[in-house]
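Asker: Same order as they appear, the protein sequences are chains A and B.
Per UniProt numbering, the very first residue in the first sequence carries number 1; after that it's consecutive.
Per UniProt numbering, the very first residue in the second sequence carries number 1; after that it's consecutive.
Check before you lean on any hint, since a few could be wrong.
Keeping only pairs whose Cα atoms sit at most 25 Å apart, straight-line, the calculated BS3-like set for lysine-lysine is [said to hold, decoys possible]:
hint, chain 1, residue 1, chain 2, residue 2
1, B, K289, B, K230
2, B, K230, B, K253
3, A, K59, B, K498
4, B, K542, B, K289
5, B, K498, B, K433
6, B, K289, B, K498
7, A, K59, B, K433
8, B, K289, B, K229
9, B, K229, B, K495
10, B, K541, B, K498
11, B, K433, A, K78
12, B, K289, B, K433
13, B, K253, B, K229
14, B, K230, B, K433
15, B, K541, B, K289
16, A, K59, B, K289
17, A, K78, B, K229
18, A, K78, B, K230
Simulated from the structure, these hints should not be mistaken for lab results.
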Amino acid sequence: MNKLNRDAIIAILLLMLCGIFFWQTFYIREVPFSQVGSEIWPRVVLVLLTVLSVIYLFKSLSEPRPETEPFSLSGWLKTYRNPIICFVMFFVFLLALPYLGMLLAGILFVFITQTLIGGATPRRLVMHALIAVLAVGGMWSIFTYALRVILPGGELFY
Amino acid sequence: MIIDNLFLAFGEVFALNNLMLMAIGVLAGLIAGSIPGFTITMAVVLALPFTFGMSPIEGLSTMLGVYVGGLTGGMFASILIGVPGTPSSIATTFDGFPMSRNGRPGLALGIGLWASFFGGLISAVVLVFLAPTLAAIGLEFGPWDYFMLVLFALTIAASLSSGAMIKGLIAGVVGLLIASIGEDRVNGAARFTFDFDALGAGFAFLPVLIGLFAFSQLLTDMSDSEAAKKPMIAGHQAAVRMQHRESIIEIFKHWGALIRSAFIGLFVGLLPAAGSSISNILAYDQTKKASKTPEAFGTGTPPGLISSEASNNATAGGALIMMMALGIPGDAVTAVMLGALTIHNIAPSPTFITSQPILAYGIMVAYFLANFMTLALTSGALRGFLLVTRIPLYILGVVILLYCAIGVFTLNNTTFDIWTLLAFGILGFVMVKNGFPLTPMVLGVVLGPLAELNFARAVSTSDDYSLFFTRPWALFFIVMALFSAFFPLYQNAVKSGKNWARYYGVAFMGCAGLPLLLMEGWFRTGLGSVMIVLSVLLFLKKRREAA
Numbered sequence: 001m002n003k004l005n006r007d008a009i010i011a012i013l014l015l016m017l018c019g020i021f022f023w024q025t026f027y028i029r030e031v032p033f034s035q036v037g038s039e040i041w042p043r044v045v046l047v048l049l050t051v052l053s054v055i056y057l058f059k060s061l062s063e064p065r066p067e068t069e070p071f072s073l074s075g076w077l078k079t080y081r082n083p084i085i086c087f088v089m090f091f092v093f094l095l096a097l098p099y100l101g102m103l104l105a106g107i108l109f110v111f112i113t114q115t116l117i118g119g120a121t122p123r124r125l126v127m128h129a130l131i132a133v134l135a136v137g138g139m140w141s142i143f144t145y146a147l148r149v150i151l152p153g154g155e156l157f158y
Numbered sequence: 001m002i003i004d005n006l007f008l009a010f011g012e013v014f015a016l017n018n019l020m021l022m023a024i025g026v027l028a029g030l031i032a033g034s035i036p037g038f039t040i041t042m043a044v045v046l047a048l049p050f051t052f053g054m055s056p057i058e059g060l061s062t063m064l065g066v067y068v069g070g071l072t073g074g075m076f077a078s079i080l081i082g083v084p085g086t087p088s089s090i091a092t093t094f095d096g097f098p099m100s101r102n103g104r105p106g107l108a109l110g111i112g113l114w115a116s117f118f119g120g121l122i123s124a125v126v127l128v129f130l131a132p133t134l135a136a137i138g139l140e141f142g143p144w145d146y147f148m149l150v151l152f153a154l155t156i157a158a159s160l161s162s163g164a165m166i167k168g169l170i171a172g173v174v175g176l177l178i179a180s181i182g183e184d185r186v187n188g189a190a191r192f193t194f195d196f197d198a199l200g201a202g203f204a205f206l207p208v209l210i211g212l213f214a215f216s217q218l219l220t221d222m223s224d225s226e227a228a229k230k231p232m233i234a235g236h237q238a239a240v241r242m243q244h245r246e247s248i249i250e251i252f253k254h255w256g257a258l259i260r261s262a263f264i265g266l267f268v269g270l271l272p273a274a275g276s277s278i279s280n281i282l283a284y285d286q287t288k289k290a291s292k293t294p295e296a297f298g299t300g301t302p303p304g305l306i307s308s309e310a311s312n313n314a315t316a317g318g319a320l321i322m323m324m325a326l327g328i329p330g331d332a333v334t335a336v337m338l339g340a341l342t343i344h345n346i347a348p349s350p351t352f353i354t355s356q357p358i359l360a361y362g363i364m365v366a367y368f369l370a371n372f373m374t375l376a377l378t379s380g381a382l383r384g385f386l387l388v389t390r391i392p393l394y395i396l397g398v399v400i401l402l403y404c405a406i407g408v409f410t411l412n413n414t415t416f417d418i419w420t421l422l423a424f425g426i427l428g429f430v431m432v433k434n435g436f437p438l439t440p441m442v443l444g445v446v447l448g449p450l451a452e453l454n455f456a457r458a459v460s461t462s463d464d465y466s467l468f469f470t471r472p473w474a475l476f477f478i479v480m481a482l483f484s485a486f487f488p489l490y491q492n493a494v495k496s497g498k499n500w501a502r503y504y505g506v507a508f509m510g511c512a513g514l515p516l517l518l519m520e521g522w523f524r525t526g527l528g529s530v531m532i533v534l535s536v537l538l539f540l541k542k543r544r545e546a547a
């Protein structure tokens, strides 16, 4: 048997997830006079998922471990630099949204994220700023004035 | 009846407002489809928030415009830069790019455009006549049969997950689990909320879909830091002009390839969850096999290009037939449309065409019209494509990430949906990086409520659980599900020359014939009998050959 590989770890995580969700099915409210309880279907799904995860676990353990380079945090960060920037910036954008509103938070999100990915030369800074204002401002205007959708205004402006 | 409904639908679709929205949709689809990395599903998903304020026919017409435009737009990048704009135009690169490199980009683009148009047209005609028939068959389905149909859809989606069957199945079941979070649709009890109020209503379909398809796809595309900073193509193709007359002559010269590929596309579209990413390769392969000069394929031969483009556009008609007749999405795009209809409180089912005839036939007319609009707008879109591809990917990507956020917010006016978008964007990204396909998961989310509802109906109607396996239609779908589940094993067995692979097709014919034999009506019983007898004869013949 091989050491735990990435697939095996995912399979174990899935099995843990199944356990947590199965345990939660015991807390689903019983509805009087219902012919099929609300917990039945999720249990059917969870049993199916458990069986598949066990098969996945055995399959991943029985297959030869692929030749991979040893894990290094710096290499990993380098590989996933752009997605990590996007995730973190989107997270920050969401935190800022109630305070700054969609327009300002959106412009800042687009400007900062583009600058972090594309670089901060003076020419690029101007280009990113222009794109952020025009793209976000334009879409914000379409939703606000043409489609009459009220986007978050932000506490700072009230 | 069909003619009356079609006339009424014509009135709705040809309203000026609707025509304008469709034209915008087609243009957006052409551009989005042509940008490598931006899938048609992503384009339709992004168009969805704009349709909330529209009437159902306007919203669906716009999305159909994006869909058909996207299918055709995929050929721009495939032909001009050799990178498929969408997975549905992978086979277009095989002959389109060599033709372009040999100095005939205008002819390649023209053939691609006209083949797409004719493929879509054939599919649209079949859609009008087949959808009501299929819906009539759908009325025979009981909850047991419907449940098994959903199971079949999930199995086929998983089996098409290029060598990752078990991961595809897991993704599909996780989708079912996600769909069960929130209020139970049968009894109204809250499930898996973990005392978090916002989860009481469950996850809205749109943020999940955009997160999984658009958000994760954008991040995957931007992963390569160097490529993300560069424009997709240089400016040397700026003067490309389509050769329409020569292209039409070429297509009529190879009409056999066109018809065959259109029907292959249509058939693949009819299969739940199988989309144009499969049909274009399948049609290309069949055209090559049928050709007298298979060695010319891959060097820039017109039949190869015709087969890919005709089949991917024809797939849309097949997928729409399934969505309208049975309420089962034929591919990821029709899954989005199903979601759009749900937002308008319309649930496609076998009664959809009779209960909502104007809307149903309006969809058919809009699909028909979208093909004509695509034809008319392609030359303009080609210029737009050449402009857009000079923008670095990271600039487009980041702006679209924000558009995703604005789009999902408009659904329920709540920031919880944007958090959902982020969570499913991360989940989708992690899944893709670990080889889990996203389509089965999305289908699980879409079909989960339908599966649960029919499961509950079946169980509360009868204590006899054997009905899930003995009713003819349920048995038919089990056979289809089992054979689609074992299809990847069969493919491996063929490659390694295993003996049992010789009998796979014969076994399928015999097994599929059995439920048909049990069905009502002389045609299906007769067909079932013929299939069983044929399978026995073929089995004996193969055994004799093997001995």
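Asker: For every hint, state whether the structure bears it out.
Answerer: Evaluated hints:
no.	hint	verdict
1	B:K289 to B:K230	violated, 39 Å
2	B:K230 to B:K253	violated, 41 Å
3	A:K59 to B:K498	holds, 21 Å
4	B:K542 to B:K289	holds, 22 Å
5	B:K498 to B:K433	violated, 32 Å
6	B:K289 to B:K498	holds, 23 Å
7	A:K59 to B:K433	holds, 19 Å
8	B:K289 to B:K229	violated, 41 Å
9	B:K229 to B:K495	violated, 41 Å
10	B:K541 to B:K498	holds, 18 Å
11	B:K433 to A:K78	holds, 15 Å
12	B:K289 to B:K433	violated, 35 Å
13	B:K253 to B:K229	violated, 44 Å
14	B:K230 to B:K433	holds, 23 Å
15	B:K541 to B:K289	holds, 24 Å
16	A:K59 to B:K289	violated, 36 Å
17	A:K78 to B:K229	holds, 15 Å
18	A:K78 to B:K230	holds, 18 Å
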